[in-house]
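Q: Generate the whole structure from the sequences, applying the supplied hints.
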Amino acid sequence: MNASGGPGCERRAALASVLLCAACCAWLIADIEDLAARTEQRSARLAELAALRRHGAIAVTTALQRIDGLFAVAPPRPGAGEDARLALVRAEIER
Amino acid sequence: MSRHRPRGPSWRFQLRWLWDSPMVLVVWVAAFAAMIVVARTALVVQRAVVVRQDAETAIAELAAEDAARQLAARPEPIGSDGVAMATAAGVCCFVRSSGGDRPRWTLVLELAGRQRRFQCEYLPGAAAAALARPFTGRSATVVAAAAAPPMVVDEVLPRLRPDLAAVAVDAVVARVARVDDGIALLRLPTGTERKDFVLGSTGGDVCRIEPPASGVVVVAGHLWIDAGNKPLTIELAQDLTVVVHGNLYCGRSLRVVGPGRLLFVTTSDGGNAYRDRDGNGRWSTGDELLDTTAALPTPMEGAGNVWFGLPGPGLDAFEVDAGVLVAGELHLATDRALVHGPLVLWHGSTRVGGRAGVLQPTGRHAFDVEAERVPGFATTGAPRAGRLRSLEDHRLPLVGSPRAG
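Here the protein sequences come in this chain order: A and B. Residue numbers for the first sequence follow the working numbering, so the first one is 1 and each next one is one higher. Residue numbers for the second sequence follow the working numbering, so the first one is 1 and each next one is one higher.
Please note: incorrect hints may appear among the correct ones.
Derived coverage of chain B by chain A (criterion: at least 3 residues anywhere in the stretch with Cβ under 8 angstroms from a Cβ of chain A; other residues may be distant) [unchecked claim]:
#, segment
1, 32 to 40
2, 47 to 53
Looking from chain B toward chain A, a few residues come up when the C-beta cut is under 7 angstroms (computed) [as the list claims (entries may be wrong)]:
#, residue
3, Pro22
4, Met23
5, Val26
6, Val44
7, Ile59
8, Ala89
Keep in mind that the hints were calculated from the coordinates and are not lab data. These numbers were taken from a predicted model, which means no experiment stands behind them. The beta carbon of each residue, even a glycine, is placed where N, CA and C say it ideally should be.
A: Okay, structure coming up:
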């Protein structure tokens, strides 16, 4: 049992590995929990906005701005309205 | 001969081995920890995706609402090809109109690579606020027993559209009620002077009603819900207003199942209403005419009155899954009346037959008058878009979009 090898050295290495693993896990879990907390906060804000909108207590543009502040929603693709128009016309022809 | 099984290392030896060479333990612990982290990450990411989709849906609804509002304010009608609208959400929304008498708009927009469709009705204005409340009357309305919730006083009560006479067609009435010449003689000592109808196109405790497209049926006479051991159940697919040019007699409770809501409206057209103080169902000494200029009521049983419980036997408890708008007097031949739709009294309520006559309007089936069409009623205010309904179940193929391939 000495520093050059043997069970004592391996135990120390194992302890160091466990500590490293615990630190990594703690860091990852903290990040994940942060994301979870932000998600729940967004969900609550969204529900609050929906309730306000249902009661007509908030304008459409204000509601949109608030959602935009909560989520970075990707801007709509140019020509999306044209796609919608074509899809509608096609669906009506198929019907 | 004994069977010999080779024995493995003892558990003491195995523990000792793990202790002396603990890297195996470390690997196990690390794998377990990694599993926990991965599982938790998956859950959180899944939830984040759901919330993001909710946000996109909310944005799409707001965009469609914005487009519908812009359209309602537009003086020119939508052409047959539809119209594309720019919305406050930055999304282009395509709108098509359909429906003839009852214009409907179909709104299509694409957001975050997904196409969404909504539908809403074009409303010429808002119906009277009383249709959104549990219980409304005028300042002169006199209620016999304390009602809970109390009556809201509003002088602007709902008005029927003036063109309703056009929908008083026998074929349409037959969907809702059937003529019964004998019912009045069965239930009232002297019968009635007007034509009598019984609610339900067929007899029995359950009947299905197919409302006309207008959502209005005009009954030119008295309407009866005949007495029975069980409540009458009506299956109703869409909102229906039944206008009764006479009295409404409710001999038992009424249940409405399905998405439709039912409204009864009595009018005293061509007749007049009175307070039947003795509760005998006909004009007699001591009764009180509501139209003070008339000498006698026409017909003799009055018109525009509503009876919860029939004259004579009455009911211990009465419950109605419909709104009731009473142009004449509400007669309570019951101890307790639960009304789940809007209850509107022009004159008031009278207890008859020694009953307690406690009114309990719940407003469970009230209308959102700002965003919903109430069939048969006049509206006020500016034209508007009705409540948006998502058509997610009828997804369209994404034509021309990258996903369509």
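Q: Against this structure, judge whether each hint is valid.
A: Hint-by-hint comparison with the structure:
no.	hint	result
1	32 to 40	holds (count 5)
2	47 to 53	holds (count 4)
3	Pro22	holds, 4 angstroms
4	Met23	holds, 6 angstroms
5	Val26	holds, 5 angstroms
6	Val44	holds, 5 angstroms
7	Ile59	holds, 6 angstroms
8	Ala89	holds, 5 angstroms
Checked against the numbered hints given earlier, the structure satisfies every one of them.
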